[in-house]
Amino acid sequence: MKKTFTINLGNRVFSIDEDAYERLQEYLERIEGYFSDQKEREDIINDIEIRISELFSERLSAGKQVITILDVEEIITVMGDPGVIAGDKEDKSRSYSHHERGSSQRRLFRDPENRIIGGVCGGLGAYLNIDPLIIRILVAILSLTFGVGLLIYLILWIVVPEARTTAQKLEMRGDSVNASNIGKFVRDEFESVKKSFRGNKRK
Amino acid sequence: MDFDNVKAQMRKGVLEFCILSILSKGDAYATDILNKLKESELIVVEGTLYPLLTRQKNAGLLSYRWEESTQGPPRKYYALTERGKEVLKELETTWRELIDAVESVIDKNP
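Taken in order, these protein sequences are the chains called A and B. Read in order, the letters of the first sequence correspond to residues 43 to 245 in this note's numbering. Read in order, the letters of the second sequence correspond to residues 78 to 187 in this note's numbering.
In case anyone wonders, no lab produced these hints; they're calculated from the structure. These numbers were taken from a predicted model, which means no experiment stands behind them. Not one of these hints is a red herring.
Label pairs and their in silico Cβ distance ranges:
(1) B:LEU175 / A:GLY216: 40 to 48 Å
(2) A:GLU82 / B:GLY149: 23 to 31 Å
(3) A:THR48 / B:VAL182: 52 to 60 Å
(4) A:LEU170 / B:LEU175: 46 to 54 Å
(5) A:GLU116 / B:ASP109: 18 to 26 Å
(6) A:GLU82 / B:GLU169: 23 to 31 Å
(7) A:GLU68 / B:LEU119: 24 to 32 Å
(8) B:GLU118 / A:SER78: 26 to 34 Å
Distance condition first, Cα-Cα at most 30 Å in a straight line; then the derived DSBU-like pairs of lysine-lysine:
(9) B:LYS115 / A:LYS81
(10) B:LYS89 / A:LYS81
(11) B:LYS162 / A:LYS81
(12) A:LYS45 / A:LYS106
(13) B:LYS84 / A:LYS81
Positions of the beta carbon are idealized from the N, C-alpha and C atoms, including for glycine.
Only chain B is shown next, with the shape it has when bound in the complex (with noise of 0.2 Å):
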């Protein structure tokens, strides 16, 4: 069994979330998004992040729109559709409802 798949499955899973969450909190351009994740060591590389974003875009879970920006070029900035809003809250409940099975199962197989 390929468990580096399971692994990799796993993670996105939770940066999709996480990037939901993040933008729950307040609009932001992908490089604000990294850092947080960064911060939290919840990236390794760079690149992922890119592809994840893209995707909930298309799902028509994130909007973005340009804005000027003192330091270079216009930035990307992302933000949550109502749609994205609905989708995170189910992803919490069911992080939250994973978390407690996942333990129990654990604490009963020590």
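Isolated chain A, as found in the complex (with noise of 0.2 Å):
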């Protein structure tokens, strides 16, 4: 069972999967940091809402009614990132293969599933690539020193974001963002919420 969002996008009604809707919303929103003058930017956003919403009718019939992440993504590659539509940057999708585009640089954010106070440590573990244990144990003994580790932690907690999305958790791991990395990511944790569901039963 999923939770799906009722959304008007370009003057037509949508079900949509929460994950969905917050990729697309982020998306949308990062279309929108390109364009500063305000008027210029609604006008923006809405044809391309427009589009999306089109592109949304053709993928939906009698036997799918519900947007989900994957109908998403493949309209985002439709669509083109938001430093090409603002027309920053050359698109490298025609001359260079798409796993070299894909191959995405790690980014730190907190993982909200590897933690025991803010995440902090989990997502340096996942940033760095090594046991987020060992991160702990140098924050706690550089807490013992001053209290450096823990000034340290406090800071991080603030400045560093919270992987909310999947679109984040795979960019947390740097696994590229791309519709069947997002495929397996969903199954994974569908497999470990039933075996957890399950787990729970038995007691």
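Two independent chains are provided; combine them into the complex using the hints.
Right under this line is the structure:
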């Protein structure tokens, strides 16, 4: 079971999965970020939303009534990277193979699924590709000496954003954000939820 | 030197010219324009079209109106303004001159 939202996009109504909604919103916000003039920004976003709503409609049928994260990811590929849309970057997908573009850099996030306090050490572990336990021990030792570790931890907690969307979680682990990876990630998540659910029932 | 930027600017300039040219043959809504540009492989990702349309509109080259559609909500139809027609003529001249100039340079420097 998944939570869905009802949205009005380009004057059409859609049911959209929660994760797909978040991804779409994040994408539109990133496009907005490239345009400083308010009137211009509204016009452009409006036109883009109309186009996305057309593309969504083409994907729906009697047998498919909900927009999923896969739909959103594919439409983002069709519409293009916000930097390319704004025209300050050349789109490389034409001349370079996909994996080169997709081999995304890791980004530092706080890991909500691997947390003891704020998920800072879990996120750092994913970023540096080392066991978070080692970082936790280091922070603990540094905290004993003049509280330095504690201070660093608090600053990172405030400054580093939490990985909320699937795309962010993939970026945190250094996996490229593409449709197949997201599909795999969502399936893995689903399996782990199913397992914990069964585990709970046995108790 | 950033050649990616040079390429992006080149393509953008040509795209603006082509949008005006498409609209000179009749009013169209964004998706019509998009399909024509895609047919001729002038556009890679769809999103690049919209900022160009908005900027041309704000520069007074295009106007738009809403028209009812049988397949969904009303559509935004773009049309060339008088100023747009003038600019298109100038661009056509510039385009021909550029092609001639570039080709003569390329021919002389094999």
